[in-house]
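Undergrad: Here's the letter readout for the chains.
Number of protein chains: 2
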Amino acid sequence: MYKDIKDKLLYNVDILEKALSDIFEYNDTDCRAIIEAQKYALLNGGKRIRGFLVMQFCRAFNGDENSALPYACAIEMIHASSLVHDDLPCMDNDDWRRGKPSTHKVFGEAIALLSGDALMVKAFETVNNNNRLTAKSNARAFSVLARSTGDLGMLGGQTMDIFAAKKELDLDSLVRLYTMKTGKLISASAKLGCIASGVLENDDRYKAAVKYAENVGLAFQIIDDILDYRDGKSELNSFLAHLSIDDAKSKAEELTRSGIEAIAPYDDGTLSSLAEYLITRNY
Amino acid sequence: MYKDIKDKLLYNVDILEKALSDIFEYNDTDCRAIIEAQKYALLNGGKRIRGFLVMQFCRAFNGDENSALPYACAIEMIHASSLVHDDLPCMDNDDWRRGKPSTHKVFGEAIALLSGDALMVKAFETVNNNNRLTAKSNARAFSVLARSTGDLGMLGGQTMDIFAAKKELDLDSLVRLYTMKTGKLISASAKLGCIASGVLENDDRYKAAVKYAENVGLAFQIIDDILDYRDGKSELNSFLAHLSIDDAKSKAEELTRSGIEAIAPYDDGTLSSLAEYLITRNY
Chain A
0 MYKDIKDKLL YNVDILEKAL SDIFEYNDTD CRAIIEAQKY ALLNGGKRIR
50 GFLVMQFCRA FNGDENSALP YACAIEMIHA SSLVHDDLPC MDNDDWRRGK
100 PSTHKVFGEA IALLSGDALM VKAFETVNNN NRLTAKSNAR AFSVLARSTG
150 DLGMLGGQTM DIFAAKKELD LDSLVRLYTM KTGKLISASA KLGCIASGVL
200 ENDDRYKAAV KYAENVGLAF QIIDDILDYR DGKSELNSFL AHLSIDDAKS
250 KAEELTRSGI EAIAPYDDGT LSSLAEYLIT RNY
Chain B
0 MYKDIKDKLL YNVDILEKAL SDIFEYNDTD CRAIIEAQKY ALLNGGKRIR
50 GFLVMQFCRA FNGDENSALP YACAIEMIHA SSLVHDDLPC MDNDDWRRGK
100 PSTHKVFGEA IALLSGDALM VKAFETVNNN NRLTAKSNAR AFSVLARSTG
150 DLGMLGGQTM DIFAAKKELD LDSLVRLYTM KTGKLISASA KLGCIASGVL
200 ENDDRYKAAV KYAENVGLAF QIIDDILDYR DGKSELNSFL AHLSIDDAKS
250 KAEELTRSGI EAIAPYDDGT LSSLAEYLIT RNY
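Those protein sequence lines, which keep their order, are chains A and B.
Everything in the first sequence is counted per numbering that gives the first Met the number 0, starting at 0 for the first residue and increasing by one.
Everything in the second sequence is counted per numbering that gives the first Met the number 0, starting at 0 for the first residue and increasing by one.
The reader is advised that the hints may include incorrect statements.
A pair counts as met if it fits within one copy or between any two copies, since identical chains are not told apart.
To be verified - Result set (DMTMM-like, lysine to aspartate or glutamate): computed pairs, CA atoms no more than 20 Å apart in a straight line:
(1) Lys99 to Glu275
(2) Lys2 to Asp267
(3) Lys104 to Asp91
(4) Lys17 to Glu252
(5) Lys165 to Asp29
(6) Lys206 to Glu253
(7) Lys46 to Asp21
In short, the hints are calculated from the structure, not lab data.
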């Protein structure tokens, strides 16, 4: 089963990598640095889980996956933008990202900052330019993406994270932090897949997709905390400040089960395999 | 005449300040810092020239100014976002902005960075949420705003600026730098006003608006260089590296005249007064 979902992820990575490269099929001598920095940050061999979710939900609801592709690219660009800014010295100060020097180590901090901004602009532009769907669909997708990214979404979660470095959070606040910081983009991925296939907010399928994504997103984060703990990274705020490893694992499994259950009526097995794959990964 | 245009600008500042405040009429305890930082950066008593242009072009072409208001807010938010990021230590490292400590001096660099990102998201969201116009109009406005902001627009101009700090540019490259760094948002303002009033790209009025904005934008920048020179700020790249003060002034006047001429058939005098006001200001 894991071989199968890994193959599906890889197949999807190929499609996305091609589409993302195509978006950057232009050049400009004066602005070369900001274009190259965006490509460096974006085309870096990630697993593209978010993009995969957009595509897979569209497939699950019998949409045309080509309609979902620009939305999938957009969410990967928002994610890449956030990583570039997150790695900057004034944020997490990370010199490395996926085994390569982070963007600011290669291009300098100023160009890294601007390229993160530009990736965000390009993400929204890519949603807006999706000419396989109507302006109304794109506006819907746009709303979802903006709310999930903005000050009450991912960026709000990053804000909470900065303050959380200084004080211990209770479990509810920690769940909210994770829900915003990483969960909202994962839920947005499911929602964008729905919108691309014409499934709208009041539809039971939409609700099932959101439930799946919320649960899987939180389970993913719990597993991250367990892996960090095993790597010896002690964080002030982690699920392991509140739960034993075994209890944390059970919690992640329970969330995964409940997510799989929600989506079962519409799933050909791909989404359930993905959910299980994500909590059994060990890197 | 100047009293008149100043009054019009002030009247418009009031409308915009109210609309921008209204956008931030929400709160969230966990995300308070990023919300407050955005408000601090945005509601700061600027002249709102860009927002004024959006509103005034909409009025000039008999549009409903309320339709233009969200677009005007959006362009002011993009502008504010760029200033927050521009002031950061890894960029211009400016501790002051309009006589107040810059955003990162008050909220710290990390929150300033995130609030700049959030302002950009909110800008695009505000265009998308303009419910007085169709999704198609908003998509058009969005395209204009994204292209003017992105890696071949304002952000590209900021990239050029970073490299220009190290080498002297010829006059053509300097004009391109200014056109991108500040000119594109000024032209975008004119275009957004057109779109809000239903005037589209192939219309002569649209072309006149763009010509006005391009000329006035460049004249504005030349005057900036002259004022900086008088303040004793010697920049490696400035119009004054290529032209005498008198020639630079003549160039600014010539651009202004030509901009006023382009828009004359549609102007009640407001846009011409604004253009003249902008090149006679001495601050």
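Undergrad: Which numbered hints are broken by the structure, listed smallest first?
TA: As far as the earlier hints go, 1 and 4 are violated by this structure, in ascending order.
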